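Kindly produce the complete structure, drawing on both the sequences and the hints.
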Amino acid sequence: MPSLGNRAGFWTAGAVVALALWTSACPTMTYPLYQADWGVSTTTITWIFAAYPITLIPVLVAFGDLSDHIGRRASILLGLAAEFIGVLLFALAGDVVWLLAGRAFMGLGVGLAISPASVAMVEFSAPGQEKRAGAASTAVSALGIGLAMVVGGALTEYAPFPLHLNFYVLAATIAATACLVARMPHHTPDETRQRWRVRPVVIPRGSRTVFVAGAIAFASSFLLGAIVLPLGAKIAQQLAGSTNALVTGALLAVFAACVTLFALLARRIHVWLLVVLGAAGSLAAVWLFVVTGAVHSLTVFFLASAVAGAAYAFDFAGGLMVLSRYAAPHHRASMVSGGYLVGYAAQGIGAPALGAVVTAHGLMSGLLTGATAFGAFFVLALVGGLTTLAPLHRAARRSEVHRAGRAAAPGTAPAGESSREAEVGG
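Letter by letter, the sequence shown follows residues 1 to 426 in UniProt numbering.
I should point out that these hints are in silico values taken from the structure, not numbers from a laboratory.
As the structure is a prediction and not an experimental result, all values here were calculated from the model.
Yeah, the Cβ is synthetic: ideal placement off N, Cα and C, and Gly gets one too.
Just to be clear, a hint being listed does not mean it is correct.
As the list claims (entries may be wrong) - Have a look at the derived ranges for each label pair, beta carbon to beta carbon: (1) Pro391 <-> Thr359: 40 to 50 Å; (2) Leu100 <-> Cys179: 27 to 37 Å; (3) Leu100 <-> Gly355: 16 to 26 Å; (4) Leu386 <-> Thr359: 30 to 40 Å.
Dropping the structure here:
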């Protein structure tokens, strides 16, 4: 069976990223049914949800660089197999134990698949088109979340077997995607040939400052999601005054639509500027949600959702580009896994903390707390973009001008024969 070409490999890896987000969110529409039909308590639902990040975070820590050693294809296939088992456990579930086991397998699968798939999108990109990978990864991530909500909602509401059919459809999609992944090249030239062993994510000493800047930017998108996804409908109804579920859904859909739109625009923007714009947009978005509560305006809520979507796209794409572009080829998966680790940890801490404030003191107090605490995090991303990434971009531009000047000067060797300089991106 012939291997996939770069273009087909790129979009197959993108499908894996989308499936990872679809898998992570797939039970969302059935949680209320478990409570209604099985009598599951809200506390138990919370533990079912938490089983996913509880499993995913140590997988990212221990297996973050696995694909650098065994290959992107092998690591992705292991991840898809675990996702398939997890989704199938939900499809066959008869009690909470099955759901807990299913969520654990989902976390294992996403942890094994999402980082190598993200890196594979970069490696299958055409030369000079690495920005396309970051933008496309952001877009397919938004698509995955959207599919979880739309497909899950439609099948749960209108199809037979509402507790099960949604998961059978996703399991079939995972199996079909695995068939395509099996045709990806076994190794890419950037993978190390060193023997793999279980070890934590290792960030090379010379890349740590850049990693911190990229990881904070990347994690900013996860923190925005921690506000919009669990609290968006509540904000629209209680603070913005929406009394129509369709209107509320349409307003929230603005967020996902803007994520996709601005992800496509992101590839035309320099990496450092993506990070800066994403941080500034994130700051604006969280305070616009506060303003929504102060003036009780659907128009302001619409604007907040749109700005949040644009900022999410720039945070995610910019952070991912930093983590993949500035890493040595055989450290890319480790850098990206580290970024996902920081992102999921930020969301895993931020979302429950915000929820606790909302429960104890009300929605408006929760939004003010989130805008203040998350806003401080976004300021760190802004500072990292201006003080770490912008100078790297300027250094890269000077290096390009210098090489071009030497190539054009009489009596100098062609640019391809000149001494190589370390790539710093830009």
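### Query
Honestly, which of those hints from before does the structure not fit?
none
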